[in-house]
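Novice: Using our numbering, the letters of the sequence shown map in sequence onto residues 8 to 152.
Since the hints were made in silico from the structure, they are not lab data.
Just so we're clear, the structure is a prediction, and the values are computed from it rather than from any experiment.
Just so it is clear, CB atoms sit at the ideal spot from N, CA and C, and this is done for glycine as well.
Careful, some of the hints might be misleading.
[Said to hold, decoys possible] With a straight-line cut-off of 20 Å between C-alpha atoms, the simulated EDC-like cross-links for lysine to aspartate or glutamate are:
1) LYS32 - GLU55
2) LYS77 - GLU131
3) LYS53 - GLU27
4) LYS53 - GLU103
[Stated by the list, open to error] What follows is a set of in silico ranges between Cβ atoms, one per label pair, in the way DEER data are often shown:
5) LEU150 - ARG75: 25 to 33 Å
6) THR34 - SER118: 25 to 33 Å
7) THR147 - GLY87: 13 to 21 Å
8) VAL114 - GLN140: 22 to 30 Å
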Amino acid sequence: MVDNRSKVTINVKRIKQFGETTLGKLTIEGVNKSWFVLEPGGPDSKVENSDKRIAAGAYKVKPFTGNRYKNVYELKNVPGRKYILIHPGNYHKNTEGCLMPGKTWGVLKDSHFYVGNSKAAIKEIFSEMSKYQDIEIKITNQLES
C-alpha cells in the first residue's frame, strides 16, 4: 500500500572503480539490507551519451516505462543527462549511465566489475520502493584511492 505522504531515501555510495565501471553499495532508509550497484566508470559526467557515470548528488526518482525497460524507475533532473534508469543488468555493456543493482559482484577478465543476480535484486529493491510516493536517491563518491 502506498502512503502518499511517505518519503524514503535511497543511498548509493560509490566505493570502487575499475576499468570502465564503478561499483557502489545501495541501501534504503529503514531497510536492514544492502545491494551492489554497477555504473559506468568515471569521472562524473554531465554529457549525454558519454558512457560515464552521472554526477554525484540527490535526485527525485519516479516510476518509468519505455520501449526497452518496463516498470522501472527513472532519476529525474540529472544535469545534462536523460533517461537515467534503475534497471536490471549485469555488465558494463548493459548501461550508458544507468544504475544496475545486483546481489553479488565480481571482476570480469581483470578489466571490469560486474553484478550478479540483478533481477532478484531489482525485485527486492522495487518491492521496497513501491511502498513510497516520494523517493529520493543520494549518490556519493567514496571511492577507494
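Novice: For every hint, state whether the structure bears it out.
Specialist: How the hints compare with the structure:
no.	hint	result
1	LYS32 - GLU55	violated, 24 Å
2	LYS77 - GLU131	holds, 16 Å
3	LYS53 - GLU27	holds, 17 Å
4	LYS53 - GLU103	holds, 12 Å
5	LEU150 - ARG75: 25 to 33 Å	holds, 29 Å
6	THR34 - SER118: 25 to 33 Å	holds, 28 Å
7	THR147 - GLY87: 13 to 21 Å	holds, 19 Å
8	VAL114 - GLN140: 22 to 30 Å	violated, 38 Å
The earlier numbered hints that this structure contradicts are 1, 8.
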